[in-house]
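*Asks:* Sequence:
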Amino acid sequence: MQMLLVRNLLSLFSDDDEIDYSTKPEFYDPELDEKDENWIHKKRHGRDSDAVLCCPACFTTLCLECQRHEKYLTQYRAIFVTNCKIEDRQVTSQSSSKSRKRNRRDREFGGSDEKLKQVCCAVCSTEVGVFDEDEVYHFFNALPSEC
1 MQMLLVRNLL
11 SLFSDDDEID
21 YSTKPEFYDP
31 ELDEKDENWI
41 HKKRHGRDSD
51 AVLCCPACFT
61 TLCLECQRHE
71 KYLTQYRAIF
81 VTNCKIEDRQ
91 VTSQSSSKSR
101 KRNRRDREFG
111 GSDEKLKQVC
121 CAVCSTEVGV
131 FDEDEVYHFF
141 NALPSEC
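Residue numbering for the sequence shown follows full-length UniProt numbering, starting at 1 and increasing by one per position.
Be careful, since some hints might not be right.
As the list claims (entries may be wrong) - Derived Cβ-Cβ restraints for the label pairs, each shown as a range:
{"no.": "1", "residue 1": "LYS35", "residue 2": "ASP134", "range": "48 to 54 Å"}
{"no.": "2", "residue 1": "ASN38", "residue 2": "ASP134", "range": "29 to 35 Å"}
{"no.": "3", "residue 1": "LYS35", "residue 2": "GLN90", "range": "39 to 45 Å"}
{"no.": "4", "residue 1": "ASN38", "residue 2": "ALA122", "range": "21 to 27 Å"}
{"no.": "5", "residue 1": "PHE140", "residue 2": "ASP48", "range": "21 to 27 Å"}
{"no.": "6", "residue 1": "LYS71", "residue 2": "LEU143", "range": "38 to 44 Å"}
{"no.": "7", "residue 1": "ASP33", "residue 2": "PHE80", "range": "21 to 27 Å"}
{"no.": "8", "residue 1": "ASP132", "residue 2": "ASN38", "range": "54 to 60 Å"}
{"no.": "9", "residue 1": "GLU26", "residue 2": "LYS115", "range": "49 to 55 Å"}
{"no.": "10", "residue 1": "GLN118", "residue 2": "ASN38", "range": "17 to 23 Å"}
{"no.": "11", "residue 1": "GLU70", "residue 2": "HIS45", "range": "23 to 29 Å"}
{"no.": "12", "residue 1": "ASP29", "residue 2": "LYS115", "range": "43 to 49 Å"}
Claimed, not checked - Below, computed lysine-lysine pairings styled on DSS-like, alpha-carbon distance capped at 25 Å:
{"no.": "13", "residue 1": "LYS117", "residue 2": "LYS85"}
{"no.": "14", "residue 1": "LYS117", "residue 2": "LYS71"}
{"no.": "15", "residue 1": "LYS115", "residue 2": "LYS71"}
{"no.": "16", "residue 1": "LYS71", "residue 2": "LYS42"}
{"no.": "17", "residue 1": "LYS85", "residue 2": "LYS115"}
{"no.": "18", "residue 1": "LYS24", "residue 2": "LYS35"}
{"no.": "19", "residue 1": "LYS71", "residue 2": "LYS43"}
None of these hints come from the bench; they were simulated from the model. Ideal Cβ positions, reconstructed from N, Cα and C, are used throughout, including at glycine.
Using the sequences provided together with the hints, build the complete structure.
*Replies:* Here it is in structure tokens:
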């Protein structure tokens, strides 16, 4: 009984001698890279971008066209995004000591603080940036890819 069981288990597994390498793999497309490149060029409308941004948790594409921040090289801004959701809750903006003085002066003269809303990945809900009053997305937690 045990020998029969062992033979049945061994018959479930194949070894390299039984693989037929003369047949083409069923799911392989040698032109797939070229098709992908053409698709991305259509989506980007021929425009140039500093990076393609992806979610750091699930690697979903967030933005195809963005501009890198001049001072903070890991931050980007964009107007057109994909797979992003804007949360209803507002985020307070952090400011440096120079801008704090300016903000204090603005508040005294009727100026208001910038209202930012949290932006999350639509797939996994990871926070990836903020959305400002000028309808610009600011990404600070996204993976850049130079495509």
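*Asks:* All the hints need checking, so say for each whether the structure fits it.
*Replies:* Verification of the supplied hints:
The hinted window of 48 to 54 Å between LYS35 and ASP134 is violated, with their beta carbons roughly 37 Å apart. Taking the beta carbon of each, ASN38 and ASP134 are about 34 Å apart, inside 29 to 35 Å as hinted. Between LYS35 and GLN90 the C-beta distance comes to about 42 Å, which sits within the given range of 39 to 45 Å. For ASN38 and ALA122, the hinted distance range of 21 to 27 Å is satisfied, since their beta carbons lie about 25 Å from each other.
Range check, PHE140 to ASP48: Cβ separation about 22 Å, and the 21 to 27 Å hint holds. A hinted range of 38 to 44 Å for the beta carbons of LYS71 and LEU143 is inconsistent with their spacing of about 20 Å. Between ASP33 and PHE80 the C-beta distance comes to about 25 Å, which sits within the given range of 21 to 27 Å. Separated by about 34 Å at the C-beta atoms, ASP132 and ASN38 break the suggested range of 54 to 60 Å.
Between GLU26 and LYS115, the C-beta spacing of about 54 Å keeps the proposed range 49 to 55 Å intact. At roughly 35 Å, the beta-carbon separation of GLN118 and ASN38 lies outside the given 17 to 23 Å, and the hint is violated. GLU70 and HIS45 have their C-beta atoms about 25 Å apart, which keeps the hinted 23 to 29 Å range intact. Roughly 48 Å separates the CB atoms of ASP29 and LYS115, a value that falls within the hinted 43 to 49 Å.
For the proposed pair LYS117 and LYS85, the alpha carbon gap of about 10 Å is at most 25 Å, so the pair holds. Among the hinted pairs, LYS117 with LYS71 is consistent with the structure: their alpha-carbon atoms are about 22 Å apart, no more than 25 Å. A hinted pair counts as satisfied when its Cα atoms are at most 25 Å apart, and LYS115 with LYS71 qualifies at roughly 22 Å. Distance restraint check for LYS71 and LYS42: the Cα-Cα separation of roughly 31 Å exceeds the 25 Å cut-off, and the hinted pair is therefore not satisfied.
Restraint check for LYS85 and LYS115: satisfied, since their Cα atoms lie roughly 17 Å apart, inside the 25 Å limit. Our distance criterion of 25 Å between C-alpha atoms is met by LYS24 and LYS35, whose separation comes to about 20 Å. The suggested pairing of LYS71 with LYS43 is violated, with an alpha-carbon distance near 29 Å, which exceeds 25 Å.
Checked against the numbered hints above, the structure violates hints 1, 6, 8, 10, 16 and 19; every other hint is satisfied.
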